[in-house]
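Protein chains in written order, with the working numbering: chain A, 1 to 165; chain B, 1 to 353.
Simulated from the structure, these hints should not be mistaken for laboratory data. It should be emphasised that the depicted structure is a prediction, and the values quoted were computed from it without experimental measurement. Take these hints with a grain of salt, some might be off.
[What the hints assert, rightly or not] Only part of the chain A face toward chain B is listed, based on derived beta-carbon distances under 10 Å:
#1 Asn-69
#2 Glu-99
#3 Val-116
[To be verified] Per the computed footprint, the stretches of chain A lying under chain B, defined by three or more beta-carbons under 8 Å from a beta-carbon of chain B, are:
#4 84-90
#5 102-114
#6 149-159
C-beta: ideal position from N, C-alpha, C; glycine also.
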Amino acid sequence: MGLCQRCKKAQATFHLTNIDPHGNKMEQHLCERCAIEEGLQQAKSPVSVNEYVETFLASSKAGAAAASNLVCENCGITYIEFRNQGMLGCPDDYDAFKEHLAKLIERAQENATHHVGKTPKAPATRKPGPAEVRRLKKLLEEAVAAEDYERAAQLRDRIGELEKA
Amino acid sequence: MSAGLGDFAKQAGEWLRGVGPLHEIVISTRIRLARNIRGFFFLSRADAKMRADIADAAQSGIKKARTLGDLIHVDVEKLDELDRTLLVERHLISKQHAESSGARRVAFDATETSAVMINEEDHLRIQVMRSGLQLGEAWEQIDQIDTSLADQLEFAFHPQYGYLTACPTNVGTGIRVSVMLHLPALRLTNELEKVAQAARDMRLAIRGLHGEGTEALGDFFQISNQTTLGRCELDIIDDFRTVVIPKIVEYEQNARKALLKNRVHALDDKIWRAIGLLRHARLMSSNEAMQCLSHLRMGLHVGRVKDINLQTLNELFLQTQPAHLQKLQGERLNGEQRSIARATFIRSRLSNN
Ligand SMILES: [Zn+2]
Ligand SMILES: [Zn+2]
Numbered sequence: 001m002g003l004c005q006r007c008k009k010a011q012a013t014f015h016l017t018n019i020d021p022h023g024n025k026m027e028q029h030l031c032e033r034c035a036i037e038e039g040l041q042q043a044k045s046p047v048s049v050n051e052y053v054e055t056f057l058a059s060s061k062a063g064a065a066a067a068s069n070l071v072c073e074n075c076g077i078t079y080i081e082f083r084n085q086g087m088l089g090c091p092d093d094y095d096a097f098k099e100h101l102a103k104l105i106e107r108a109q110e111n112a113t114h115h116v117g118k119t120p121k122a123p124a125t126r127k128p129g130p131a132e133v134r135r136l137k138k139l140l141e142e143a144v145a146a147e148d149y150e151r152a153a154q155l156r157d158r159i160g161e162l163e164k165a
Numbered sequence: 001m002s003a004g005l006g007d008f009a010k011q012a013g014e015w016l017r018g019v020g021p022l023h024e025i026v027i028s029t030r031i032r033l034a035r036n037i038r039g040f041f042f043l044s045r046a047d048a049k050m051r052a053d054i055a056d057a058a059q060s061g062i063k064k065a066r067t068l069g070d071l072i073h074v075d076v077e078k079l080d081e082l083d084r085t086l087l088v089e090r091h092l093i094s095k096q097h098a099e100s101s102g103a104r105r106v107a108f109d110a111t112e113t114s115a116v117m118i119n120e121e122d123h124l125r126i127q128v129m130r131s132g133l134q135l136g137e138a139w140e141q142i143d144q145i146d147t148s149l150a151d152q153l154e155f156a157f158h159p160q161y162g163y164l165t166a167c168p169t170n171v172g173t174g175i176r177v178s179v180m181l182h183l184p185a186l187r188l189t190n191e192l193e194k195v196a197q198a199a200r201d202m203r204l205a206i207r208g209l210h211g212e213g214t215e216a217l218g219d220f221f222q223i224s225n226q227t228t229l230g231r232c233e234l235d236i237i238d239d240f241r242t243v244v245i246p247k248i249v250e251y252e253q254n255a256r257k258a259l260l261k262n263r264v265h266a267l268d269d270k271i272w273r274a275i276g277l278l279r280h281a282r283l284m285s286s287n288e289a290m291q292c293l294s295h296l297r298m299g300l301h302v303g304r305v306k307d308i309n310l311q312t313l314n315e316l317f318l319q320t321q322p323a324h325l326q327k328l329q330g331e332r333l334n335g336e337q338r339s340i341a342r343a344t345f346i347r348s349r350l351s352n353n
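Please model the complete structure; the sequences and the hints are all you need to start from.
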C-alpha cells in the first residue's frame, strides 16, 4: 500500500484501474479523503456524525459547556461519550439530548426533522419515561436557583402533565 | 450449527442463482431495516447480560413471527472465524457483525433471501436480498416481515423521530436500500465519474462489494441511501427505481455498445485474456479472479462469449472467495495454497461446461 497520488500525504485506500482510449492502463491510488473529493467515494456515516458533532461544538463554546453536563439518566451515557463514539446509549437519549441532537440530526438527515413513513401498527402510546421527568425536575431546580420563575412555572406545569399521564 | 455450514458452501443462495430483471448489470437488490427493542439499552451501553437478554428476546420474537416460517438460526458468537467469513461472503451478515464480540446471532431462510442479524449495530437488522432489480418485491417482503415481528416485539419508536436507532444517521425509517451494480464497460471507457455524479445528485453513497468501508473491488459497486428521516420508504426506494438505477444502467449499456462498435478488438482482448487466465493460470489471487470473472461476465452479456453457463459463473464469484474455497477444500489454507486451490478449482469448473 502506497501513498495517495493526489495529496501525497495519506495512505492510499481507494484503488481504481482505468483503460484510456488508447488502451493504456491508468491506475489511481487515492486516500479516502481524496477519493471523496474526486467524487469516487462518499463519506461513511459514522465518521460524518462525529464531524457534525465536532462542528457544532466548535461553533459554540457555550454549547460545548452545556453539552458536557448532559447525561441520560436512563442509561447513564453523557453527551460527550456519545460525541466520542458516535453511538447513542438508549432510546431515551433522543429526549435527554434533544436540543443538541436535533441540530445534529437535521444536518445528517438533509434538514429533515420529522419521521415520515411506516409506523408500528398499534403505536405504543408512548409515555415519556421517568428519565424525562427526572430531567425536567433537574431543569426546574436550576431555574429556581437562577431565579427564572417564568421558566420554573413552565417546567412545573410540564412535569405536572407528565406525572398525570 | 458449525457442521451445517460446511455443505452450504457448495451452492449459491437463490438471490445469486436467480436471474432477476436487468441482471446483466444489476447483480442484486438488498433492503435492510434497523430496529431496536423497547426497554433495552442500545448495544454500546448494554453489558454482557443485557446483550444476551436482547439476543434471546429477539430470537424468540423471530421464532414466533408469522411471516418468517422456518429459519436457520446461527449463533455467530460461537462460530469460528472461517464460518463467520463464509456468512459475510454470502452477504448473510456484515463484516462488522462477523468481527464484533459478545452475544450475536443471525437467522435466515433456506433460500437466503431473508435474514435477521441480531445484535449488530442495532438489536435487529432485517434484510431481504433479491436477484437483479426488484425493489418493490423486496420492500413488500421486508415490510411483511417487519410487521409480523412488531406483533411479537415492541420496537423503540418516537413520535417525532420514528424508529430509534443507535446511530442517529439511521433514525426515522431505519431503511438502507442497496443496489449492487456490475459496471465493467464504464470502467474501461473511464466514465465512472458519471456514475459518481448520478449518485451524488440524489445524495446516494457508492461503495465496494462488501459494503461500508470496502474499496471498489473489480467492477462492482454498491449504491445506497444515506438519509433515513423525513421521507417515506417508498419515496426513498423510488429514487433508485425511477431515477438513479435506470440512468446508470443506460450509461453502462451505452458504454458496452460503444465498445462493441468502436473498440471491439480491445474489448475482445480484455475478455479473452481473462478467459485465458481463468483456464490456464496456476496461481490466482482473489482480486485477479474477481477481475477476470468480471470481464468474462461482460463477455457473456455482450454476446462475445457463448459457451459458458451464467450459473457456473455466478457460483465462481462466490466460491472463489477465501472462506468458500477453504470450506470446499475441507481444510485451512494459507495465501499461496489458496491461490493454487483457486486456480485449480476455476480450471476444473470451466472445463466441465
Ligand atoms: Zn489524498
Ligand atoms: Zn440513555
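Against the structure, the hints come out as follows:
This hint is violated: A:Asn-69 has a C-beta 19 Å from the nearest C-beta of chain B, more than the 10 Å allowed. Evaluation of the A:Glu-99 hint against chain B yields a violated restraint, the C-beta minimum of about 13 Å exceeding 10 Å. Satisfaction of the interface hint for A:Val-116 is found here, the shortest Cβ-Cβ separation to chain B being roughly 5 Å, below the 10 Å cut-off. With 6 residues bearing a CB less than 8 Å from a CB of chain B, the stretch 84-90 of chain A meets the requirement of three and the coverage assertion stands.
Residue count for the stretch 102-114 of chain A with a Cβ under 8 Å from a Cβ of chain B: 9. That meets the three needed, and the coverage hint holds. Three residues within the 8 Å Cβ limit are the bar, and the stretch 149-159 of chain A against chain B gives 0, so the coverage statement is violated.
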